[in-house]
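If you read the protein sequences in the order shown, they are chains F and H. Throughout the first sequence, residue numbering follows our numbering, covering 2 to 191 in sequence. Throughout the second sequence, residue numbering follows our numbering, covering 2 to 191 in sequence.
The hints are simulated quantities; they were obtained by calculation from the structure and are not laboratory data. Hints are not guaranteed to be accurate.
If several chains are the same, the list does not tell them apart, and a pair holds so long as it fits within one copy or across any two.
In silico EDC-like pairs for lysine to aspartate or glutamate, Cα to Cα no more than 16 Å straight-line [to be verified]:
{"no.": "1", "residue 1": "K22", "residue 2": "D91"}
{"no.": "2", "residue 1": "K82", "residue 2": "E59"}
{"no.": "3", "residue 1": "K94", "residue 2": "E142"}
{"no.": "4", "residue 1": "K22", "residue 2": "E113"}
{"no.": "5", "residue 1": "K14", "residue 2": "E113"}
{"no.": "6", "residue 1": "K135", "residue 2": "D107"}
{"no.": "7", "residue 1": "K96", "residue 2": "E142"}
{"no.": "8", "residue 1": "K112", "residue 2": "D143"}
{"no.": "9", "residue 1": "K139", "residue 2": "E98"}
Number of protein chains: 2
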Amino acid sequence: MNFVEKRIISDGKIGEGDVLKVDGFLNHQVDVNFLNEIGREFYKIYSDCGVNKIITIEASGIGIACITAQFFNVPVVFAKKAKTVNIYGDVYKAKAESYTHKGAYDIIMSKEFIHKGDRVLIIDDFLAKGNALKALIKLVEDANAEIAGVGIVIEKAYQGGGEYVRSLGIKVESLARIAAMSINEGIVFC
Amino acid sequence: MNFVEKRIISDGKIGEGDVLKVDGFLNHQVDVNFLNEIGREFYKIYSDCGVNKIITIEASGIGIACITAQFFNVPVVFAKKAKTVNIYGDVYKAKAESYTHKGAYDIIMSKEFIHKGDRVLIIDDFLAKGNALKALIKLVEDANAEIAGVGIVIEKAYQGGGEYVRSLGIKVESLARIAAMSINEGIVFC
Numbered sequence: 002m003n004f005v006e007k008r009i010i011s012d013g014k015i016g017e018g019d020v021l022k023v024d025g026f027l028n029h030q031v032d033v034n035f036l037n038e039i040g041r042e043f044y045k046i047y048s049d050c051g052v053n054k055i056i057t058i059e060a061s062g063i064g065i066a067c068i069t070a071q072f073f074n075v076p077v078v079f080a081k082k083a084k085t086v087n088i089y090g091d092v093y094k095a096k097a098e099s100y101t102h103k104g105a106y107d108i109i110m111s112k113e114f115i116h117k118g119d120r121v122l123i124i125d126d127f128l129a130k131g132n133a134l135k136a137l138i139k140l141v142e143d144a145n146a147e148i149a150g151v152g153i154v155i156e157k158a159y160q161g162g163g164e165y166v167r168s169l170g171i172k173v174e175s176l177a178r179i180a181a182m183s184i185n186e187g188i189v190f191c
Numbered sequence: 002m003n004f005v006e007k008r009i010i011s012d013g014k015i016g017e018g019d020v021l022k023v024d025g026f027l028n029h030q031v032d033v034n035f036l037n038e039i040g041r042e043f044y045k046i047y048s049d050c051g052v053n054k055i056i057t058i059e060a061s062g063i064g065i066a067c068i069t070a071q072f073f074n075v076p077v078v079f080a081k082k083a084k085t086v087n088i089y090g091d092v093y094k095a096k097a098e099s100y101t102h103k104g105a106y107d108i109i110m111s112k113e114f115i116h117k118g119d120r121v122l123i124i125d126d127f128l129a130k131g132n133a134l135k136a137l138i139k140l141v142e143d144a145n146a147e148i149a150g151v152g153i154v155i156e157k158a159y160q161g162g163g164e165y166v167r168s169l170g171i172k173v174e175s176l177a178r179i180a181a182m183s184i185n186e187g188i189v190f191c
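Model the full structure from these sequences, guided by the hints.
Given below as structure tokens:
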């Protein structure tokens with residue numbers, strides 16, 4: 002097991018409804034040293050890919066993206082989940098289904114911050130059905146930017162989102178890939 | 002002018018409705034090197050205050066809090082804006098008015114991650130009327146934890162939130178304090 006898988010086993014909890022709770026170290030309380038290890042790992046994978054921007058989606062992707070961006074020395078742009086009065090002007094927009102928030106929502110990114118010629122690394126904490134990721138990919142494509150790759154901390158491989166995105170020819174690297182998970186049987190990694 | 006004030010002048014934009022847009026470097030696109038300077042500055046101010054946890058609120062506080070936490074070598078806990086199915090169990094809860102999102106919302110923090118004996122540093126990008134900050138303070142007080150201090154990147158001093166929180170005896174340090182701001186006259190720092 003690698004360091005992410007070990008941490009999931011030691012500190013993660015499986016909840017009702019196919020929920021993997023990692024809120025003690027990843028998406029509510031955040032272990033910043035752990036994020037640093039994650040950032041270093043993503044840098045190992047993508048350091049030669051010409052990444053000039055990291056994009057993610059609020060909220061739990063932001064910390065991971067910012068720490069990872071230190072290794073690449075590039076800016077982060079995070080897609081926002083709703084239009085606020087602080088964003089005006091032209092935005093790229095995509096609809097995402099949410100598993101954790103129930104129902105669809107729009108994500109937006111200002112056209113100021115993503116352009117043709119950008120080579121972006123997409124970072125997120127989870128990949129399950131891939132709804133948030135598909136919406137981020139749409140934003141990048143609408144901007145005529147290129148996707149250098151996707152870096153995911155935890156992929157629920159059995160939910161098919163990763164498989165689908167890889168079938169588009171996009172490189173997706175997940176630090177932990179879960180093949181199966183249940184309260185009784187625990188977690189099986191790929 | 003310090004580095005935050007300089008950056009606001011060079012890259013910030015004043016919008017309609019008393020909005021200071023800093024989404025090119027702070028809260029949509031994020032300049033991670035700039036966040037590092039901010040983190041170092043907060044560490045200079047609060048390194049001797051026994052901080053064992055940094056707390057903030059999603060979304061735009063998270064990147065700043067995570068980068069700052071590297072200097073303190075402590076975890077971050079970010080309050081969430083709505084109850085998701087990924088959080089269960091007991092939470093502390095407080096209501097916050099939102100200027101940018103219009104209307105009130107609940108913020109929550111799991112009781113697992115804040116306790117009596119914690120000395121927390123509260124970090125956020127903006128302080129205006131102080132609604133988010135007051136809600137965070139309530140969470141910390143409900144947990145019987147102590148507030149070592151508050152670190153803010155940009156305070157709109159003329160909106161009174163900082164003055165109110167300081168009147169409670171809480172140390173609030175803002176890296177840029179705006180005394181007045183208008184589209185025609187620009188920005189005046191305190």
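Going down the list of hints, with the structure as the test:
no., hint, in the structure
1, K22 to D91, "between (36 Å within a copy, 14 Å between copies)"
2, K82 to E59, "both (7 Å within a copy, 12 Å between copies)"
3, K94 to E142, "within (11 Å within a copy, 39 Å between copies)"
4, K22 to E113, "between (35 Å within a copy, 13 Å between copies)"
5, K14 to E113, "between (40 Å within a copy, 13 Å between copies)"
6, K135 to D107, "within (12 Å within a copy, 29 Å between copies)"
7, K96 to E142, "within (14 Å within a copy, 38 Å between copies)"
8, K112 to D143, "within (10 Å within a copy, 42 Å between copies)"
9, K139 to E98, "within (14 Å within a copy, 33 Å between copies)"
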